[in-house]
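Protein chains: 2
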Amino acid sequence: MTIKFEVIKDSKKTKARLGKLFTHHGVIETPVFMPVGTQATVKAMTPRELEDLDIQIILSNSYHLFLRPGHNLIAQAGGLHKFMDWKGAILTDSGGFQVFSLEKLNKINDEGVSFNSHIDGSKHFVSPEKAMEVQMALGADIAMAFDECTPYPAGKYQVEIAAQRTFQWAKRCKEVHHGLNQSLFGIVQGGTFKDLRIENAKKLVELDFPGYAIGGLSVGEPKSLMYEILDCTVPWLPNNKPRYLMGVGAPQSILEGVTRGVDMFDCVLPTRNARNGSLFTSSGKLSITNAKYKDDFTPLDNKCKCYTCQNFTRAYLRHLYMSKEMLASTLGTIHNLYFMSFLMKSIRLALLEDRLLEFKEEFLSNFLN
Amino acid sequence: MTIKFEVIKDSKKTKARLGKLFTHHGVIETPVFMPVGTQATVKAMTPRELEDLDIQIILSNSYHLFLRPGHNLIAQAGGLHKFMDWKGAILTDSGGFQVFSLEKLNKINDEGVSFNSHIDGSKHFVSPEKAMEVQMALGADIAMAFDECTPYPAGKYQVEIAAQRTFQWAKRCKEVHHGLNQSLFGIVQGGTFKDLRIENAKKLVELDFPGYAIGGLSVGEPKSLMYEILDCTVPWLPNNKPRYLMGVGAPQSILEGVTRGVDMFDCVLPTRNARNGSLFTSSGKLSITNAKYKDDFTPLDNKCKCYTCQNFTRAYLRHLYMSKEMLASTLGTIHNLYFMSFLMKSIRLALLEDRLLEFKEEFLSNFLN
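First to last, the protein sequences are chains A and B.
Going left to right, the first sequence walks through residues 71 to 439 as this note's numbering numbers them.
Going left to right, the second sequence walks through residues 71 to 439 as this note's numbering numbers them.
Next up, chain A with everything else stripped away, as it sits in the complex (with noise of 0.2 Å):
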């Protein structure tokens, strides 16, 4: 089954909306969260782990995927979920993320990208058609259409050109593009030009996509930018389809995201914090590894009901971290992915008891930083 999307429920003072997303691996409810497996796997989390937070749809990038172990691998395995032993809902990005990310590595002209792997230096070259035949082989519920993704800050000429060439290439894209249980999004980029974020919408959803992605923020501009932007590019897009907010992930940013209409969101900031020893908390986020825990046997936050929380306390983690076990990292993003599956489920309910704006007006004053 390709997907399909229903509103549940509109909020009333907000663009936000209750949603489900059907998918050929469960139904998604949205808003929703999706942490990131960059390499066919959820750093330090077993899928067994993931099911116990209850995370319903993961993000897995092509263009790593694409070097190793080879997408046509990935294929005779049987496709990303069976390789991996993943049962629920996965979307793979295109690759363009990478491309402009690894920018000194690449070439890009109308045809495609050139670009020497971060592995090996091995030379290869992705095209719109490419970036299908990879994500079609990897065999997610969501492909993303393979698009050029602009830096912050960046002059107008330079975004006007990616933003066509993204159009182009979401065409050529969907052109070629064809799976059973896979659906395709396109990508709206326009970087922070309001006319071009407006122009790239209105042409993308005359290609009619079953969902949309706004990329090219969150890639260093200030927040409150990204906000103006996403305030006028959602508007462009169709409320039957679901929209989605590419690389945001911090809690503040999410809950800004879904009061403007974005219905999914993904980062790899709750599992690379974890790794890293900063820990959300419902106060904001603590750094685990400073000396004030070292003999502080309270849990991480005594109002989570996680496994780490429910069982361990800042003293055993902060030295975890301090002697740079793996258990800190397992212990820290099963608390982190909790806290992100535990936030989305209130924002979920408090769409459901019409108090979105009282829920985030609480969250943020207490999370505070």
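I should point out that these hints are in silico values taken from the structure, not numbers from a laboratory.
Incorrect hints may have been included.
Identical copies carry no separate label here, and so any pair may be met within one copy or between two of them.
[To be verified] As a list, the in silico DSSO-like pairs of lysine-lysine whose alpha-carbon atoms are at most 27 Å apart:
| hint | residue 1 | residue 2 |
| --- | --- | --- |
| 1 | 157 | 90 |
| 2 | 83 | 241 |
| 3 | 74 | 362 |
| 4 | 157 | 355 |
| 5 | 273 | 355 |
| 6 | 113 | 375 |
| 7 | 394 | 113 |
| 8 | 157 | 373 |
With chain A's structure known, arrange chain B on it following the hints.
Just chain B now, kept in the frame of chain A:
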């Protein structure tokens, strides 16, 4: 409660026995293998994963915990069990082996050992009394006497001095050791000299410990010599007390130890091997990063019922190891510890059914490296 040991059944054709070791943290069926949790964590495992693997008892290292986070901090936390949330039994070593393996950092005399921390170079002095203070603070179910472990090869005079010192230290340990829920084991030293082993064993047994370890083996001597020393030492240890062969964890050596009357084993081998991609199968060790497993979509061991073998292929495991993902270590460790747990269960069942030698022969004929 201090520990109690009960021999359930003696093997008819060997010196092996099926036993039960009653501790404050559960009844341990013997022969048993104890995974190592050096820094208050079995590397890459959550406590609940260890429970799923039916791990009954783990070993933790006093030397490491003394240095970081400090035994007093762990006492403040309520002891090691509570600190690391491990509900099963724990045995702590005395630090003697670390004195031996970090030889260049230390100075030994009859009073104790001066050494520099491998973490920050700070100076420390550990006496038998200090080793007891540390282990009582940690609060494991079983503590070990402070011993001097000699290398292999070593001259007889050096070994004799160390064995005598180990005996004197054992007396001092016994004098100061107290603990409602902790039992102190003596350690037999004497290198590869049979007369020294026998003399040391006889003298230690007079001190009437609730259990006896055989230390200073598996330090580089030929396996056949280790078995000879076991053959001459075990008969001098009481039948009604548990016998523990320190630092031995290779499946073949465990079988040889069991048939010679050993009840308990510990070693970093299964967990360290797992992190290095050396995984146990019923036909021997397998190096998972070998290129031939690149597109091998079969389980690691199709006879194995562990989480790893039930859900993942060799190709996926190889990908995780090649990509240096933490999940590689987790899945590898789950498998290797399951293998050890299953091996020990099989040994106990064979003992119960009077077919230990047959089991040993069959296992060794399949397990080729």
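Exercise. Hint by hint, which ones does this structure get wrong, listed from lowest number up?
Worked result: The structure conflicts with hints 2, 3, 4, 5, although it agrees with all the remaining ones.
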